[in-house]
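Q: Below are the chains, spelled out letter by letter.
Protein chains: 2
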Amino acid sequence: MAEPVRDGWTYAKAGVDRALVGRSLERLLGAVTYRPPPSHGRLLDLPGHYAGLVRIGRETIAVTTDTVGTKTLLAEQVGSWEEVGEDLVAVNANDLAAIGARPSVLVDCISSSQPSPEVFDAIGRGLDRGLRAAGMALIGGETAVVPEVVRGYDLGGTAVGFFPRGRRPVTGSGITPGDVVIGVPSSGVHANGFTLVRRLLSAGAIDLGRPRPGGNGAVGLELLRASRIYTNVSEALAGRPETQAFAHISGGGVRNLVRLHPKVAFVLDRWPKPSGLFAWLGELGGIEAQELYQTFNMGIGFVVVSRPVHIAQTLRRLARAGAPDATIVGRIERGRGVRLPHLGLAYEGYAA
Amino acid sequence: MAEPVRDGWTYAKAGVDRALVGRSLERLLGAVTYRPPPSHGRLLDLPGHYAGLVRIGRETIAVTTDTVGTKTLLAEQVGSWEEVGEDLVAVNANDLAAIGARPSVLVDCISSSQPSPEVFDAIGRGLDRGLRAAGMALIGGETAVVPEVVRGYDLGGTAVGFFPRGRRPVTGSGITPGDVVIGVPSSGVHANGFTLVRRLLSAGAIDLGRPRPGGNGAVGLELLRASRIYTNVSEALAGRPETQAFAHISGGGVRNLVRLHPKVAFVLDRWPKPSGLFAWLGELGGIEAQELYQTFNMGIGFVVVSRPVHIAQTLRRLARAGAPDATIVGRIERGRGVRLPHLGLAYEGYAA
Numbered sequence: 000m001a002e003p004v005r006d007g008w009t010y011a012k013a014g015v016d017r018a019l020v021g022r023s024l025e026r027l028l029g030a031v032t033y034r035p036p037p038s039h040g041r042l043l044d045l046p047g048h049y050a051g052l053v054r055i056g057r058e059t060i061a062v063t064t065d066t067v068g069t070k071t072l073l074a075e076q077v078g079s080w081e082e083v084g085e086d087l088v089a090v091n092a093n094d095l096a097a098i099g100a101r102p103s104v105l106v107d108c109i110s111s112s113q114p115s116p117e118v119f120d121a122i123g124r125g126l127d128r129g130l131r132a133a134g135m136a137l138i139g140g141e142t143a144v145v146p147e148v149v150r151g152y153d154l155g156g157t158a159v160g161f162f163p164r165g166r167r168p169v170t171g172s173g174i175t176p177g178d179v180v181i182g183v184p185s186s187g188v189h190a191n192g193f194t195l196v197r198r199l200l201s202a203g204a205i206d207l208g209r210p211r212p213g214g215n216g217a218v219g220l221e222l223l224r225a226s227r228i229y230t231n232v233s234e235a236l237a238g239r240p241e242t243q244a245f246a247h248i249s250g251g252g253v254r255n256l257v258r259l260h261p262k263v264a265f266v267l268d269r270w271p272k273p274s275g276l277f278a279w280l281g282e283l284g285g286i287e288a289q290e291l292y293q294t295f296n297m298g299i300g301f302v303v304v305s306r307p308v309h310i311a312q313t314l315r316r317l318a319r320a321g322a323p324d325a326t327i328v329g330r331i332e333r334g335r336g337v338r339l340p341h342l343g344l345a346y347e348g349y350a351a
Numbered sequence: 000m001a002e003p004v005r006d007g008w009t010y011a012k013a014g015v016d017r018a019l020v021g022r023s024l025e026r027l028l029g030a031v032t033y034r035p036p037p038s039h040g041r042l043l044d045l046p047g048h049y050a051g052l053v054r055i056g057r058e059t060i061a062v063t064t065d066t067v068g069t070k071t072l073l074a075e076q077v078g079s080w081e082e083v084g085e086d087l088v089a090v091n092a093n094d095l096a097a098i099g100a101r102p103s104v105l106v107d108c109i110s111s112s113q114p115s116p117e118v119f120d121a122i123g124r125g126l127d128r129g130l131r132a133a134g135m136a137l138i139g140g141e142t143a144v145v146p147e148v149v150r151g152y153d154l155g156g157t158a159v160g161f162f163p164r165g166r167r168p169v170t171g172s173g174i175t176p177g178d179v180v181i182g183v184p185s186s187g188v189h190a191n192g193f194t195l196v197r198r199l200l201s202a203g204a205i206d207l208g209r210p211r212p213g214g215n216g217a218v219g220l221e222l223l224r225a226s227r228i229y230t231n232v233s234e235a236l237a238g239r240p241e242t243q244a245f246a247h248i249s250g251g252g253v254r255n256l257v258r259l260h261p262k263v264a265f266v267l268d269r270w271p272k273p274s275g276l277f278a279w280l281g282e283l284g285g286i287e288a289q290e291l292y293q294t295f296n297m298g299i300g301f302v303v304v305s306r307p308v309h310i311a312q313t314l315r316r317l318a319r320a321g322a323p324d325a326t327i328v329g330r331i332e333r334g335r336g337v338r339l340p341h342l343g344l345a346y347e348g349y350a351a
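Residue numbers (numbering that gives the first Met the number 0), protein chains in the order written: chain A, 0 to 351; chain B, 0 to 351.
Pulled out of the complex, with its shape left as it was, chain A reads as follows (with noise of 0.2 Å):
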């Protein structure tokens, strides 16, 4: 087993200070004051949602954009761009997905220091995964040659959905102490955190090419793996009186769950033990639990919200949608934040 090298790894001192990047935002959204006219889509106000949602004509369209973060650097060190093409699908389809919007099209967006033929083949591959399993169509991009802003490569996108006739925003308002939270596991680290991830291999100096102790297969190849989608679990759920709210645990791990209701307690008691990545990931850096589980989805990459009524039901619709391995993670209770009781954890906002 590999020794922690430096105790008490986090985000922040990864070289990510997300108080700055709070504040940051802040000053950005406080200086934009200008909405348009009705004649130019009407805004529906959800703030803090997964994606952002404007009424035009009689559609309600969903709209979301996310980047691969510096995954595309670990890419880069093991050779293999696929993982990440299949990524950039996936990061903004499950923030449609967290909403109970249905994908349609996909931009992608390439900066690089200059472009190489092999990569974007690769890249186009991953891509032509994800869009299959999200069932949506690249409808354009942008292709950026920026060789003094960027080394080697930024691979973001933006996501456009819909709600099919009938179906609302599947928005968490209505979640009441009772409910029951299902998790849906991540195929692995997904796209989040490889800023500490990164930080950790090569403290550790760990070889990429060998297995993690206890784990099979090249760990560089294992940390890589494409993220799931989830576009099937939601197209199954939403729209159902029983369903409340979806969420996808992306960057800030399960504080994500607090976006959905400001004023119900999100009680985690049955949240599975994750796999051996995530632990040898907290061991190598010395990593608290608090700091893994708002960094980190933990096994969960994908949470829905549903009334206890039907529940083995709705289990089995999950199996059906490609998702037999849902279970039942925790519950709604009265009170605030996000609580994981069995590890004495507790969450209060979205932020940390």
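Mixed in with the good hints there might be a few duds.
Just a sample of chain B residues kept apart from chain A, beta carbon distances all over 10 Å, derived [unchecked claim]:
{"#": "1", "residue": "Gly-51"}
{"#": "2", "residue": "Gly-68"}
{"#": "3", "residue": "Val-77"}
{"#": "4", "residue": "Pro-102"}
{"#": "5", "residue": "Pro-168"}
{"#": "6", "residue": "Gly-173"}
{"#": "7", "residue": "Thr-175"}
{"#": "8", "residue": "Pro-176"}
{"#": "9", "residue": "Gly-214"}
{"#": "10", "residue": "Gly-238"}
{"#": "11", "residue": "Ala-264"}
{"#": "12", "residue": "His-309"}
{"#": "13", "residue": "Ala-320"}
{"#": "14", "residue": "His-341"}
{"#": "15", "residue": "Leu-344"}
Selected chain A positions facing chain B (Cβ under 10 Å, derived; list incomplete) [claimed, not checked]:
{"#": "16", "residue": "Gly-14"}
{"#": "17", "residue": "Arg-22"}
{"#": "18", "residue": "Glu-25"}
{"#": "19", "residue": "Arg-34"}
{"#": "20", "residue": "Gly-40"}
{"#": "21", "residue": "Gly-125"}
{"#": "22", "residue": "Leu-137"}
{"#": "23", "residue": "Gly-140"}
{"#": "24", "residue": "Glu-141"}
{"#": "25", "residue": "Ala-143"}
{"#": "26", "residue": "Val-144"}
{"#": "27", "residue": "Val-149"}
{"#": "28", "residue": "Gly-151"}
{"#": "29", "residue": "Gly-285"}
{"#": "30", "residue": "Gln-289"}
{"#": "31", "residue": "Arg-319"}
Which residues of chain A face chain B? A few of them, derived with a C-beta cut under 7 Å, are [as the list claims (entries may be wrong)]:
{"#": "32", "residue": "Gly-56"}
{"#": "33", "residue": "Arg-57"}
{"#": "34", "residue": "Glu-58"}
{"#": "35", "residue": "Gly-139"}
{"#": "36", "residue": "Val-159"}
{"#": "37", "residue": "Glu-347"}
Because the hints were derived from the structure by calculation, they are not lab data.
By construction, the Cβ of each residue, glycine as well, lies at the ideal position given by its N, Cα and C atoms.
Knowing the structure of chain A, use the given hints to seat chain B on it.
A: Structure of chain B alone, referenced to chain A:
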């Protein structure tokens, strides 16, 4: 007058190999073969156009994505960020304008090594100004902190537009010999060609705080000036029977016109003499006219192709829409490609 510091600068010599970008993009697009079922939206094929179109329910949605490119590095040097914030709206709004779509919403994507509240505040003020000009709402965004990928800031965004009841996309498919080409002046270099611009400034040891020969005000600020937004121009003419096409003169310069129709010739014999800024850049780098006109907008940022009938009325309409400076810059003839006969320039395709 500054002496030419080097002969024959081209965009490729400045570090951007357009052919390599083209080859890479071809590989990516070749690998993406999936087309989703119509229940996820119906794609409208408009290869090579400025925005992707999808039919969702009863609405046709236009989506485009673009970045400010290396202009952010000049913003950093000059210490002024409002302009590139406004550019982020402009590059996307103008792509929507070029297809006659009404802007609705924008999402921004700011990747940085470390965000600064002051920079984000200025970017926000610029965004707000751009959004007002385009009639667009900011409904989301991503703030990626990727210290090992990005130096400074990379500013990208995605805009979503639509076609008001009764308006169709303005595609150029009906362009016919005899049509008139109208040009609407740019506000300067806009947000293209800055990798080359910065090389020239650095090779010429130009003091950004002083005026260029013949210029007013610091040349750094002159180069940084925000892109003009052509939403009002597009809104004034889209849907009118005499309007055949719009073009946004961005990266690729006048070659952008070839995207509109492959089987006519765009004869730009009345293209106005560009402002001293472009002449100065050309002299600074000893840049051939052939290269200048396929890299910069050369004084015209947006083009309208119109039937020759009622042309005076069209120009009056443009004046009322905020473009009293629009003029006739050429006409459509039989043939192919783009020609500026008074300069001895001819371009065949879109890509160099």
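Q: Could you run down the list of hints and mark each one as holding or not?
A: Results of checking the hints against the structure:
A Cβ of chain A approaches the Cβ of Gly-51/B within 10 Å, the least distance being about 3 Å, so the stated non-interface status is violated. A beta-carbon of chain A is positioned within 10 Å of the beta-carbon of Gly-68/B; the least distance is around 6 Å. The claim that Val-77/B lies off the interface holds: its Cβ sits roughly 15 Å from the closest Cβ of chain A, which is beyond the 10 Å cut-off. At the 10 Å boundary, the C-beta of Pro-102/B falls inside the reach of chain A, the nearest C-beta of that chain being 6 Å off.
Every Cβ of chain A is farther than 10 Å from the Cβ of Pro-168/B; the closest lies at roughly 13 Å, confirming the non-interface assignment. For Gly-173/B, the non-interface assignment is confirmed: its Cβ lies about 23 Å from the closest Cβ of chain A, beyond the 10 Å cut-off. No beta-carbon of chain A comes within 10 Å of the beta-carbon of Thr-175/B; the shortest separation is about 28 Å. Chain A leaves Pro-176/B outside its interface by the beta-carbon criterion, the shortest separation being 30 Å against a cut-off of 10 Å.
Distance check for Gly-214/B against chain A: the nearest CB is about 25 Å away, which clears 10 Å, and the non-interface claim stands. Every CB of chain A lies more than 10 Å from the CB of Gly-238/B, the least distance being 14 Å, so the non-interface label holds. For Ala-264/B, the condition that its CB be more than 10 Å from all CB atoms of chain A holds, with the nearest at approximately 27 Å. At roughly 26 Å from the closest C-beta of chain A, the C-beta of His-309/B stays outside 10 Å, upholding its exclusion from the interface.
The Cβ of Ala-320/B lies farther than 10 Å from every Cβ of chain A, with a closest approach of about 15 Å, so its non-interface assignment holds. Separation of His-341/B from chain A is adequate, the least Cβ-Cβ distance of about 32 Å exceeding the 10 Å criterion. Its beta-carbon lying about 24 Å from the closest one in chain A, Leu-344/B satisfies the requirement of being farther than 10 Å from that chain. With a least beta-carbon distance of about 5 Å to chain B, the hint placing Gly-14/A at the interface is held under the 10 Å criterion.
This hint holds: Arg-22/A has a C-beta 5 Å from the nearest C-beta of chain B, less than the 10 Å allowed. Of the supplied interface hints, the one on Glu-25/A holds, with its beta-carbon coming within about 8 Å of a beta-carbon of chain B, less than 10 Å. A cut of 10 Å between beta carbons decides the hint on Arg-34/A: the least distance to chain B is about 6 Å, and the hint holds. Taking 10 Å as the C-beta contact cut-off toward chain B, the hint placing Gly-40/A at the interface holds, the least distance being around 4 Å.
Annotation: Gly-125/A was flagged as interfacial toward chain B, and the flag holds, the nearest CB pair being 8 Å apart, inside 10 Å. A hinted interface residue such as Leu-137/A counts as satisfied when its beta carbon comes closer than 10 Å to some beta carbon of chain B; here the least separation is about 5 Å, so the hint holds. About 6 Å separates the beta-carbon of Gly-140/A from the nearest beta-carbon of chain B, less than 10 Å, and the hint is met. The beta carbon of Glu-141/A is positioned within 10 Å of a beta carbon in chain B (closest approach about 5 Å), and the interface hint is therefore held.
Hint on Ala-143/A holds. Least Cβ distance to chain B is approximately 5 Å, under the 10 Å limit. Given the 10 Å rule on beta carbons, the hint for Val-144/A holds: about 5 Å separates it from the nearest Cβ of chain B. For Val-149/A, the suggested interface contact is upheld, since its CB lies about 6 Å from the closest CB of chain B, less than 10 Å. Taking 10 Å as the C-beta cut-off, the interface hint given for Gly-151/A holds, the closest approach to chain B being about 6 Å.
The beta carbon of Gly-285/A is not positioned within 10 Å of any beta carbon in chain B (closest approach about 22 Å), and the interface hint is therefore violated. For Gln-289/A, the shortest C-beta to C-beta distance to chain B is roughly 21 Å, which exceeds 10 Å, and the interface hint is violated. At its closest, the beta carbon of Arg-319/A sits 18 Å from a beta carbon of chain B; the interface hint therefore is violated under the 10 Å criterion. At a threshold of 7 Å, the smallest CB-CB gap from Gly-56/A to chain B is about 5 Å, leaving the interface hint in force.
Taking 7 Å as the C-beta cut-off, the interface hint given for Arg-57/A holds, the closest approach to chain B being about 5 Å. Residue-level restraint check for Glu-58/A holds (minimum Cβ-Cβ distance to chain B is 5 Å; threshold 7 Å). For Gly-139/A, the interface hint holds, the least distance from its beta-carbon to any beta-carbon of chain B being 4 Å, beneath 7 Å. Here the hint on Val-159/A is kept, as its CB sits about 6 Å from the closest CB of chain B, short of 7 Å.
Given the 7 Å rule on beta carbons, the hint for Glu-347/A is violated: about 22 Å separates it from the nearest Cβ of chain B.
Taken one by one, the earlier hints fail for this structure at numbers 1, 2, 4, 29, 30, 31 and 37, listed in ascending order.
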